[in-house]
Amino acid sequence: MKTFLTTLACNRQLSRFSTRQQGVTMIEYALIAALIAVVLVVVLTALGVELGITFTKIKDALTSANK
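Every letter in the sequence shown is one number past the one before it in the working numbering, and letter 47, counting from 1, is 167.
Worth flagging that the hints you see were computed from the coordinates, not collected in a lab. There may be inaccurate statements among the hints.
Stated by the list, open to error - Okay, the calculated beta carbon distance ranges per label pair: (1) Ala-154 to Lys-187: 35 to 43 Å; (2) Thr-183 to Thr-145: 49 to 57 Å; (3) Thr-174 to Ala-154: 51 to 59 Å; (4) Asn-186 to Ala-150: 50 to 58 Å; (5) Thr-183 to Ile-147: 49 to 57 Å; (6) Leu-151 to Ser-184: 47 to 55 Å; (7) Leu-182 to Ala-153: 52 to 60 Å.
Note that this is a predicted model, so its numbers are computed, not measured. In this text, a Cβ means the ideal position worked out from N, Cα and C, and glycines have one as well.
Just need the whole structure built from these sequences, with the hints factored in.
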């Protein structure tokens, strides 16, 4: 009987550890997602500025070609 209770207690401890590990894993995934979001914002902002400059040059070239 004592062995059964010890095994049961060990299973409960492992279950609690597993639940804590899942919480830690979810936090890690959230941090990774936040990092990806920050990188996307920085890259898209830089790309947006460069893209705007490129379209302005194209517009100016087309405008001067029409004259």
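Leu-151 and Ser-184, beta-carbon distance inside 47 to 55 Å?
50 Å, holds
Distance restraint evaluation - Ala-154, Lys-187, Cβ atoms, bounds 35 to 43 Å
For Ala-154 and Lys-187 the Cβ distance comes to about 50 Å; the hint is violated.
Beta-carbon spacing of Asn-186 to Ala-150 - inside the hinted bounds 50 to 58 Å or not
53 Å, holds
That 49 to 57 Å hint for Thr-183 and Ile-147 (C-beta), does it hold up?
53 Å, holds
Quick check on a hinted range of 51 to 59 Å for Thr-174 and Ala-154, using CB atoms only.
For Ala-154 against Thr-174, whose Cβ atoms are near 30 Å apart, the range 51 to 59 Å is violated.
For the range 49 to 57 Å, tell me whether the beta carbons of Thr-183 and Thr-145 fit it or not.
56 Å, holds
Can you let me know if the beta-carbon spacing of Leu-182 and Ala-153 is within 52 to 60 Å?
41 Å, violated
Of the hints listed earlier, those the structure fails to meet are numbers 1, 3 and 7, in rising order.
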